[in-house]
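Top line first, the protein sequences correspond to chains A and B. According to numbering that gives the first Met the number 0, numbering within the first sequence proceeds without interruption in unit steps and concludes at 323. According to numbering that gives the first Met the number 0, numbering within the second sequence proceeds without interruption in unit steps and concludes at 323.
No lab work stands behind these hints, which were simulated from the structure alone.
No distinction is drawn between identical chains; accordingly, a pair holds when it is met within one copy or between any pair of copies.
Straight-line distance between alpha carbons at most 27 Å, and here's what the computed DSS-like set of lysine-lysine pairs gives: (1) Lys-27 to Lys-133; (2) Lys-256 to Lys-124; (3) Lys-232 to Lys-18; (4) Lys-11 to Lys-133; (5) Lys-12 to Lys-232; (6) Lys-132 to Lys-232.
Number of protein chains: 2
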Amino acid sequence: MARILVSDGMAKKAIERLKEIGFEVTEKHYSHEELSSGILNNYDAIVVRSATKLTEKVLSTIENEKGIRFIGRAGVGIDNINLEEASRRGILVCNTPQSSTQSVVELTIGHLITSTRHIATGDRKLRENNWAKKELRGTELSGKNLGLIGYGRIAQGVSGVAKAFGMNIHCYDPYISKEFAKKDDCIIHKNIDDVFKNCTHISIHCNLNEETYHLVNEERIEMMPEYGSDGMKCGRHIVNCARGGIVDEESIIRTLKNGVLSSAALDVFEQEPLNLSLLLEQENFHGTPHIGASTIEAQSRIGDEMVILLKDFFNGERPHSAIN
Amino acid sequence: MARILVSDGMAKKAIERLKEIGFEVTEKHYSHEELSSGILNNYDAIVVRSATKLTEKVLSTIENEKGIRFIGRAGVGIDNINLEEASRRGILVCNTPQSSTQSVVELTIGHLITSTRHIATGDRKLRENNWAKKELRGTELSGKNLGLIGYGRIAQGVSGVAKAFGMNIHCYDPYISKEFAKKDDCIIHKNIDDVFKNCTHISIHCNLNEETYHLVNEERIEMMPEYGSDGMKCGRHIVNCARGGIVDEESIIRTLKNGVLSSAALDVFEQEPLNLSLLLEQENFHGTPHIGASTIEAQSRIGDEMVILLKDFFNGERPHSAIN
Numbered sequence: 000m001a002r003i004l005v006s007d008g009m010a011k012k013a014i015e016r017l018k019e020i021g022f023e024v025t026e027k028h029y030s031h032e033e034l035s036s037g038i039l040n041n042y043d044a045i046v047v048r049s050a051t052k053l054t055e056k057v058l059s060t061i062e063n064e065k066g067i068r069f070i071g072r073a074g075v076g077i078d079n080i081n082l083e084e085a086s087r088r089g090i091l092v093c094n095t096p097q098s099s100t101q102s103v104v105e106l107t108i109g110h111l112i113t114s115t116r117h118i119a120t121g122d123r124k125l126r127e128n129n130w131a132k133k134e135l136r137g138t139e140l141s142g143k144n145l146g147l148i149g150y151g152r153i154a155q156g157v158s159g160v161a162k163a164f165g166m167n168i169h170c171y172d173p174y175i176s177k178e179f180a181k182k183d184d185c186i187i188h189k190n191i192d193d194v195f196k197n198c199t200h201i202s203i204h205c206n207l208n209e210e211t212y213h214l215v216n217e218e219r220i221e222m223m224p225e226y227g228s229d230g231m232k233c234g235r236h237i238v239n240c241a242r243g244g245i246v247d248e249e250s251i252i253r254t255l256k257n258g259v260l261s262s263a264a265l266d267v268f269e270q271e272p273l274n275l276s277l278l279l280e281q282e283n284f285h286g287t288p289h290i291g292a293s294t295i296e297a298q299s300r301i302g303d304e305m306v307i308l309l310k311d312f313f314n315g316e317r318p319h320s321a322i323n
Numbered sequence: 000m001a002r003i004l005v006s007d008g009m010a011k012k013a014i015e016r017l018k019e020i021g022f023e024v025t026e027k028h029y030s031h032e033e034l035s036s037g038i039l040n041n042y043d044a045i046v047v048r049s050a051t052k053l054t055e056k057v058l059s060t061i062e063n064e065k066g067i068r069f070i071g072r073a074g075v076g077i078d079n080i081n082l083e084e085a086s087r088r089g090i091l092v093c094n095t096p097q098s099s100t101q102s103v104v105e106l107t108i109g110h111l112i113t114s115t116r117h118i119a120t121g122d123r124k125l126r127e128n129n130w131a132k133k134e135l136r137g138t139e140l141s142g143k144n145l146g147l148i149g150y151g152r153i154a155q156g157v158s159g160v161a162k163a164f165g166m167n168i169h170c171y172d173p174y175i176s177k178e179f180a181k182k183d184d185c186i187i188h189k190n191i192d193d194v195f196k197n198c199t200h201i202s203i204h205c206n207l208n209e210e211t212y213h214l215v216n217e218e219r220i221e222m223m224p225e226y227g228s229d230g231m232k233c234g235r236h237i238v239n240c241a242r243g244g245i246v247d248e249e250s251i252i253r254t255l256k257n258g259v260l261s262s263a264a265l266d267v268f269e270q271e272p273l274n275l276s277l278l279l280e281q282e283n284f285h286g287t288p289h290i291g292a293s294t295i296e297a298q299s300r301i302g303d304e305m306v307i308l309l310k311d312f313f314n315g316e317r318p319h320s321a322i323n
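Same shape as in the complex, but just chain A (with noise of 0.2 Å):
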């Protein structure tokens, strides 16, 4: 039965899920020396979220008779794993895209309003014993134009909450039909810099890569207007629970220190762990480690998916999330 290597975890219910059905499965965490020197040879699939790297020298490492000719990544972005080297080796990619939706829903309104309303800085304060009831005054998100880089299942999700909220939306997504925006009540923008220009509240939903890095910029933060329609001086507030490099860190320190930008909230960054950053000396950043996933029910779907993908895959059939 064909061996599969589980290195950065998964659900418990779905790794007995697989034992029952009769693969072997391994759970162990390599390191990318330990990938390089061809380990993935002796298993049949890999199944990764984002802290193994795929790298080109990692895959390049498998032989065609004996390594892997699967790779699932249990989540949606794929940015640690080198898709057209596995290609040219003829290994399958396949990602759970829809698992995730809800949970990274949720953080980022989460993370929208402890930005508007000091919800971190004020427990922070209070743990200092310092009530900082009236240097904490905040704002209502009601009222204000969000602006949504991204607009896929992610970002619907967030626009319907935001709805609810009172809020107007905007977004930016040459991946959709005009239509389709339309239907959904949101005011659908041809140039990304419409959006910053409308925008008092700007939340990333598109994935890493040459089109998207620091695709939010600080000439991109200053042209955002820091009144809201509803005319209230509320400020400008970035919020990124989608990958690290969209947003340019630099530009973040430089206009929360200058006063540009209000507030920002990020569960992602461009080095991961983040580690003496800067950005952790400004007082109105705020962030979580990476986390957007991190709830039992993503996890648990994602086991449940990654199940019925490996079953398809050695069953010979082509599974439902394959990307290439």
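Following the hints, complete the assembly by docking chain B onto the known chain A.
Structure of chain B alone, referenced to chain A:
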């Protein structure tokens, strides 16, 4: 023209409007001792938020022919005003019940997600250079039962957003009609304990009075299920953005310590400012310093509403939000 004392601040625009109308406005905060020495005999009306305590002692110094005839509470809760003594002396009390609704709704949702996704904890650990991704696994709101204690304007607003997340709403409010809550797609309970028995997440939206004092206690927290209606083990979560004292803080500390309670998020406390509380030593507690109505929008609307109340009162009309 009437002399108005604004003792806890008010939006600048509203102060200016009052002066334009012709009122003589004094912005000054007096201590309880000063207020108790008869200072209110120099004014015709006072506007307070929550910091000024208009106790029996203070109000009993007011002379019939000279002192204030109107108390305006810029906000909702009137627990800082001795209503009986005011009524006895023929002083009208008005509040601004609708102006802060949206702000409290947004803060409540923010606190709920900050709890279930460990946002404040995640930020605190980042600032300690601790990338605590693994220990910060959270749970989704979607598919869980949210119990609302009190189902007035704020709770109804929270309900609307929570439904957008996919939560099921349970509520207890002896003062609303069953027909109303049914129409609003909310399960109404006759017995408060039934809300606790059905809900993994509880949020408080009632007034503080003898009936509601320490309504959330250890016994009721232990009634809560730890599995959501979707079968997921999400634990037990309490949010209070209403008034300190409704939640028994000793019970919160004990049940956070023994693991019965998974999180507590408090904007209001039994003693404010909060100081040296054992709450602050609990990892799964987070708090803010009573900022439910602390937004530019709410303060602006409160000011606008107070101008109308004062105009109406001094024109000899009964203001729309007169309480006594």
